[in-house]
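Participant: Chain order of the listed sequences is A and B.
Residue numbers for the first sequence follow the numbering used here, beginning at 1 and rising by one.
Residue numbers for the second sequence follow the numbering used here, beginning at 1 and rising by one.
It should be emphasised that the hints constitute simulated quantities derived from the structure, not laboratory data.
Any given hint might turn out to be false.
Said to hold, decoys possible - As a list, the in silico DSS-like pairs of lysine-lysine whose alpha-carbon atoms are at most 27 Å apart: (1) A:Lys149 - A:Lys103; (2) A:Lys176 - A:Lys149; (3) A:Lys190 - A:Lys176; (4) A:Lys149 - A:Lys174; (5) A:Lys103 - B:Lys71; (6) B:Lys71 - A:Lys99.
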Amino acid sequence: MSEHAIGAGVAVRVPQSELEELLSRCLAGEESAYVGVYNQYSGMIFRLCVGVLQQREDAEEVLQDTFEYAFRRLSRFDPSRASFATWLYQIAVSRCRNKRRRKFFQLVSLDLLSDHGSLASAEPGPRESALLTERQEQIWRAFGRLSSKLREAAFLRYYGGLSYLEIGQVLGIKTKTAESRLRLAHRTLKTILVDELGFEDGEMDP
Amino acid sequence: MSATVHCQQPESLASAYVLGQLHPAEHMRFRRHLATCAACRQAVARDRRLTYAVRQTIGTATEYDRSHVDKLIPMARTRQTAYVWRQPIAAAALIALLLLGGLSVRAVGRPLGNEVTATATQTPAATHTLTPTPQELAMAAGRDPGTPSHTSQAAELPLTSPGGARATTFAPAQPPR
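Bound conformation, chain B alone (with noise of 0.2 Å):
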């Protein structure tokens, strides 16, 4: 690298070397050079100028309020309340499916008469949820339930936020994959 090529072409090095794109021993190389070529010198200057102008210009130009963008998060914040609000929910449900259940065990083991009893003070909506399927409760529970091989509305219900899938609430229980 000669002081000629440097100064036939002091445009495009000088703004190498203040956006930081020269290997370090060109780096090198042309800092030594500047201490001999006013040129490249000015180059650099005026590069390093305009770079500290858009620099300084974004910073204004994006300056916010912090008090204002702060205000931003209280929609993050009801979410993971939503979310705090939904486990106690979705373990409600566990319960309820957990007791229903045990009804529907106790029910099926009782003579007809009793069964009529039990029956009776359920919903129709209810009444072919009683026995959880293991995939059920694990799909209350928030876990994986594989595939199961039919899928219970009841259990799902409480796991899923008003807003439908794309409510979203932060999972931040989640395990790392």
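In isolation and in its complexed conformation, chain A is listed as follows (with noise of 0.2 Å):
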């Protein structure tokens, strides 16, 4: 299966040996290897967080959460498994869908209670408005219409370049399924961006 037409991803890929000793050094109790993976993933892990959750103090939150879970079970980390980047996706993606579904419940009460409102934002927030341009903004709101689980997988190809076989650990789903909600979002933000929204092909150019 050929896994270069998007081409190289932006997730983290520390030299082997690097990260070997990084752990090791963790596992002996060593502060500043907490301290370097923590800075060598930190960033990788709160990205996927703001594109999931598309929610930056909640994603602030379950950054802290990945990265004290991970420390805590480090020595269960199995490398012949996957890859050290895999397994913290893995704890981030489960942390991710925890907090959404608390908020949910939170949500769904507070709706309940006001009477109005609707539970689907995809409104980008300031910071991501400051970011964005008006284009740039639509699209953000397009992948915010896809559902949980085709961000999920939507972020891990499109902006991790991660591969189906990786993508389907980190989603605990086999290839085929991942491949399969990747066919799913692609479509459905095809079918926002130009039947929808009417984007021209230029308008997608960077």
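With the hints in hand, could you dock these two chains into one complex?
Facilitator: Structure (structure tokens):
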């Protein structure tokens, strides 16, 4: 199966020997090694959390939770089963899902109390609005309209550049399911952007 | 795979090509086909632009301030520090238990008059933990005591962080299982 059409992703790929040394120093209790791991991987995990949750405060909380959990269970990381980045992504995705679930129930109760408002809010936050162009804002909204399952897969492929096997490992699904989620996400984005919003070819150019 | 089929469904094939979902043989066939089919080239170019635009947008929207993200680690550092502090506390508790245990053994071995002197210096709460069991010693050292016949609060205390079970600390020195 070809894995090169989208191109190399931005997932952190620390050289194996360097990573092994860092992790063994962590396991020996060296504080600076923990800081080293955090510095290497926190950006990647933060981006995933913002991408999946589309909410920065929640993403910060999940980022901390992810590293706290990972550091406590570092001895359980098995490099023969998945890469360290995949393992961290796996923890982060699971925490994002928990966060979304908790938030959903909060929102449901608030929604019922206030008797108005919508649960589905794909509005970019102030930070995103400041960063994005008008067209990018529309793309970001379209990305937010994907179901959470499709958004997770789309982030990992489009931005993380993970292979379908790795996406399957992170999301706990079969490789074929990862492929079909990507196909669906791609088709949905195309439908929203081209058919609904009338994006022309040139408008998708960087 | 004929050129006609490709051009009747250029969208899905082009998407599969761009998403890297074609088998290597199919991939190569489609690639050759692209050299002769303008419609498919256009479809591939559109899908690539979409993919690139989404990727760029995600990258921009999830941009972060490195120094801000770095600030999120102090909690981890504090916890790490808490772990560093816990070890001496556990060691001190172990030493205290051993000393108290030794005192108890000596007190038991002495005549009644001396025993009164020894126990008079101990707090009531500590009197029942004077002689740590092997399980208690193992627990104080952070080892699995197996199935202890009873648990001693005094032996467990140094291993429990002030925040209770959720007051997490990194446990870096755990051996791999």
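Participant: Now tell me if each hint is right for this structure.
Facilitator: Evaluated hints:
1. A:Lys149 - A:Lys103: Judged against 27 Å, a Cα distance of about 16 Å means the pair holds.
2. A:Lys176 - A:Lys149: Status holds; Cα separation ~14 Å.
3. A:Lys190 - A:Lys176: Judged against 27 Å, a Cα distance of about 21 Å means the pair holds.
4. A:Lys149 - A:Lys174: holds, 13 Å
5. A:Lys103 - B:Lys71: This hinted pair holds, its Cα atoms lying about 25 Å apart.
6. B:Lys71 - A:Lys99: holds, 21 Å
Every hint, counting from the list given before, is met by this structure.
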